[in-house]
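**Student:** Quick note on numbering: our numbering labels position 149 of the sequence shown as 149, and the sequence is numbered without any gaps.
Among the clues, some could well be false.
Straight-line alpha carbon distances no greater than 30 Å define the calculated DSSO-like cross-link-like pairs of lysine-lysine that follow [stated by the list, open to error]: (1) K132 with K49; (2) K159 with K132; (3) K49 with K131; (4) K131 with K154.
Note that these hints are calculated values from the structure, not bench results.
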Amino acid sequence: MLGTSYMLLRLTRIAVIPHLQVGHESQDRHRAFLLHDPSIGSPMPPCLKGISLPAVVIVHSQCLSSSIKQPESVVRCFRQPEIVNVVVAASQAEYREIAVDTSNSNAIYLGQESNRFFNPVFGPRMYGYNKKGLLVYIQQDPDISLPELLNECKDKINK
Numbered sequence: 001m002l003g004t005s006y007m008l009l010r011l012t013r014i015a016v017i018p019h020l021q022v023g024h025e026s027q028d029r030h031r032a033f034l035l036h037d038p039s040i041g042s043p044m045p046p047c048l049k050g051i052s053l054p055a056v057v058i059v060h061s062q063c064l065s066s067s068i069k070q071p072e073s074v075v076r077c078f079r080q081p082e083i084v085n086v087v088v089a090a091s092q093a094e095y096r097e098i099a100v101d102t103s104n105s106n107a108i109y110l111g112q113e114s115n116r117f118f119n120p121v122f123g124p125r126m127y128g129y130n131k132k133g134l135l136v137y138i139q140q141d142p143d144i145s146l147p148e149l150l151n152e153c154k155d156k157i158n159k
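Build out the structure end to end from the sequences listed, making use of the hints.
**Tutor:** Take a look at the structure:
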């Protein structure tokens with residue numbers, strides 16, 4: 001019996017350690033991508049000129065068919081009239097359908113070259129611009145709920 005327990009423990013250690021290392025590498029890669037974020041205090045990109053300030057902006061960079069986020073989360077974003085939904089995904093047709101079905105949506109459709117202004121390492125991703133048009137908020141965690149994100153962002157943009 002002792003031999004079986006020892007073998008099980010030994011197998012468990014071998015199986016668990018590589019899994020932890022992969023998770024750690026993934027977190028490091030995520031942090032490395034965040035280093036390319038626009039700087040807090042930087043001016044609003046020219047592609048957003050003309051939007052009302054202060055502004056809550058959500059950038060949608062992934063095609064809905066390949067996104068890990070469910071289309072329902074995108075619909076919730078489009079239902080919020082105070083959110084400017086910026087779509088830079090390669091395939092925008094699904095987003096346009098959602099906008100048509102959502103009467104009070106506020107959407108802007110841009111080419112993928114606009115990704116360089118936002119660094120959308122995950123999507124959708126929220127950004128906040130104050131009344132002077134300066135970036136004051138960038139979403140860091142993709143797993144925060146929309147109501148919580150809105151509260152955080154609004155606190156920053158209205159200061």
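**Student:** It remains to establish, for every hint, whether it holds in the given structure.
**Tutor:** Now for the hints, and whether the structure bears them out:
no.	hint	in the structure
1	K132 with K49	12 Å, holds
2	K159 with K132	11 Å, holds
3	K49 with K131	13 Å, holds
4	K131 with K154	12 Å, holds
Comparing the model with each numbered hint stated earlier shows that all of them hold.
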